[in-house]
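Colleague: Listed below are the residues making up each chain.
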Amino acid sequence: MREVAIAGVGLTRFGRYDGKKGRPRKLYPELGGEAIFKALQYANMDWQEVQAAFGGTYYGGLGGTHQCVERVGLTGIPIVNIFSGHASEAALRLAYLRVALGTYDIVLAVGAETLPPGLLDNQAMPAWMRKMGLDVLPAEAACSAVRYMEDYGVTLDDFARVSVMERKNAALNPNAMFQQEVTRKEVLSSRMVASPLNLLMTCANADGAAAIIFCSKDKLKSKNKSVTVASVVQTSATYGTALAGGSLSMTTKVKNPDCIELAAKQVWEASGYGPEDMDVIQVYDAFSPAFLWNVEKCGFCKRGEAPRLLKEGFFEMGGKKPANTDGGIMGRGHPTGATGIAQVAEIFYQLREEANSRQVTGAKIGFAQGSSPGPNAVLTVLKR
Amino acid sequence: MREVAIAGIGLVKFSRYDGQKGRPYKDIYELGAEAILKALKYADMEWKDIQVAYGASMFGGLGVPNQCTSRLGMPGIPITTVEGACTSSQQGMRQAYLDIANGLYDVGLAFGAEKIPPGLIADTLAPEWMLMMGFNLPGMYAIETRRYLEESGATEEDIARVAVMERKNAIMNPNSFWYQGAAITVEEVMNSRMIASPIRFLMATANADGAAAAIVCSKDKLKSKARMVTIAASAHATAPYGYNVLGMKNQKIVNPNSTKIACKKLWEMSGYGPEDMDVIQIYEAMASGFLWDAEDCGFCKPGETGRLVKEGYFEIGGKMPANTDGGLMGRAHPTGATGLAQIIELFLQLRGEAGPRQVPGAKIAFNHCHGGGPNALCHILKR
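Chains A and B supply the protein sequences, listed in that same order.
Numbered per numbering that gives the first Met the number 0, the first sequence spans residues 0 to 383.
Numbered per numbering that gives the first Met the number 0, the second sequence spans residues 0 to 382.
So that you can see chain A by itself, here it is in the shape it has in the complex (with noise of 0.2 angstroms):
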């Protein structure tokens, strides 16, 4: 496989576009477009080099991917939608192997989403635990955070540090929908979603879009600063079976493997890298108790490790080990869609040194985390 770099990230400010209390009315597409154009303009590509997208949503229904490049303008290449929820990671995966594999140049990857209110549910989940009611998010995440806290000795105060810290970074983030600190009080007051997870525990739903652009080298318009791709791996496995890991682990006693646990063994192996070796990591986390269990099943410590880590500053801007410095999901919200993309594309900025004032100086090697129903696992290792 050859050597893909990434020309160019393109990101709308994650946020609500629903026409409400002055702000603008966008639906995905818009957002979708708006980000291919801003990933256009970062790699100073014209729209007819781009030979192959890949993109999805959540909730656009079909063929969301055709209808954002459909606001650049379409050129007849061929359009994959993915349908796998937080969609965009999947995408990107395929976007970076049709460029690696050497079929095409230059490939887009996109992810856009108008989100519904309220709880949302995992569709992913055959029909017979939907009819249960396990399919309610946060509901599914308060039973992995209970049993982790009971495996672990893990607190509410732990989680509730998770949302201090990426709220802290998504202050410094002008792209994140939240742009105020919280407290550990506040977090901890905030109103009850799903026992033992507050609302400030729970991601919000959000909308916006995220677009990212892989070439072969030789496509670059400037080779400065090149960022390139180490390794993208992905995983699967099935709700309801062993393999299901953090959902459903209440399932069943034995702790399984489960499929970000396989990527990470697989991705390090790929790479060449270790945990040790990134400078910058992005974890997945729509409930801040699933920081602390990522980061563990990635490999950056040990299982039930991480709280202690948290509060030392580990995981902190300025720690040994900077994660989420774009807020996370926790802070730049969550427009599923979108977030896989988000999430390499802040690394992408890193190793750029693009971060402004959360720049992690010097960051050479980062890592991304994606996950999403279905369930699957996308992780990817970037390098400057």
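Hints are computed from structural coordinates only; laboratory data are not their basis.
On a predicted model such as this, the values are computed, not experimentally measured, just so you know.
Derived pair list, reagent style DSS-like, types lysine-lysine, alpha-carbon separation capped at 27 angstroms: (1) 216/A x 264/B; (2) 20/B x 130/A; (3) 264/A x 47/B.
Here are some chain B residues pointing at chain A (derived, C-beta under 7 angstroms): (4) 61; (5) 80; (6) 82; (7) 237; (8) 372.
One side only, chain B facing chain A, incomplete, derived with CB under 7 angstroms: (9) 66; (10) 69; (11) 101; (12) 103; (13) 235; (14) 236.
All C-beta atoms, glycine included, are put in the ideal place defined by N, C-alpha and C.
On the provided structure of chain A, position chain B as indicated by the hints.
Modeller: Same frame as chain A, now just chain B:
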């Protein structure tokens, strides 16, 4: 790029699995798993030989591929849900093909499973404003059909003849919706009830449930190379809805037509032309689609298809046998599975396993698949 072979195929008969009127009840996951199991058996492979999977379902929602494969075992391999409406499963095959052709994996699986709600299907891929205006599939086809009839001079009887031809083929296909059913006549089609003028009931595909799977692999992974079928070329193109095309040609300027773009690429990259094909598949959710798509794919000149159908050109035994398994009119249309069902018929034809509908000596085959997006997928298979 290295050669990619089709190692095995599996089809679950297209039908209704709703538990009504004595029919068995099967959920979508079971249908998908059954097709995969059949494909593994055909290929003489085990589930753990599969290194990557692309699954599809248009109406099943998220996670269907993960659930289908879990019936067989979950090795943690990448499973990607590809959504391209009626082309979904064929898009999955194309991605698996690209993975293998470029040496990333050796053995890949593509499959599609579907349980379709009854009634008229909306083209949910169209932009919001079109959906609000009620552009459902028969309606959109009706507009395009009216234009085609006006411009080409073809008649409604020409459309009816496509339905008659496909039903005749479907009766011989044990996996089709209309297997061992009754043949229909042009009069019957013309007298069937109107759905969206000029589209009548028997000119429209039937909503059906079903599943299809195919295993693609590098040549060295084949358990037997006898009568090996390979994918000679693969192309995918898209076009816009709304604005100046509406998914239909409502402007006189030549707008990008995804079928034409894909075919142009396909013929160019393969070095073959339409005249080289022994057996073909043309996509048509409504019978009229066959007329313009046969032309857009290059099998005849604009406006000619109607006459050729009448002359038996596309019949089994004709010059260019088309939709030998019954096509969408006769096989019916579990959307997520259709793209692969088309490929499977061509595979069987090239292997000489198509039974009473066999085209003698078929060695090279063409497939056209179209779907909301709009997406067009074209493939050439050869033995």
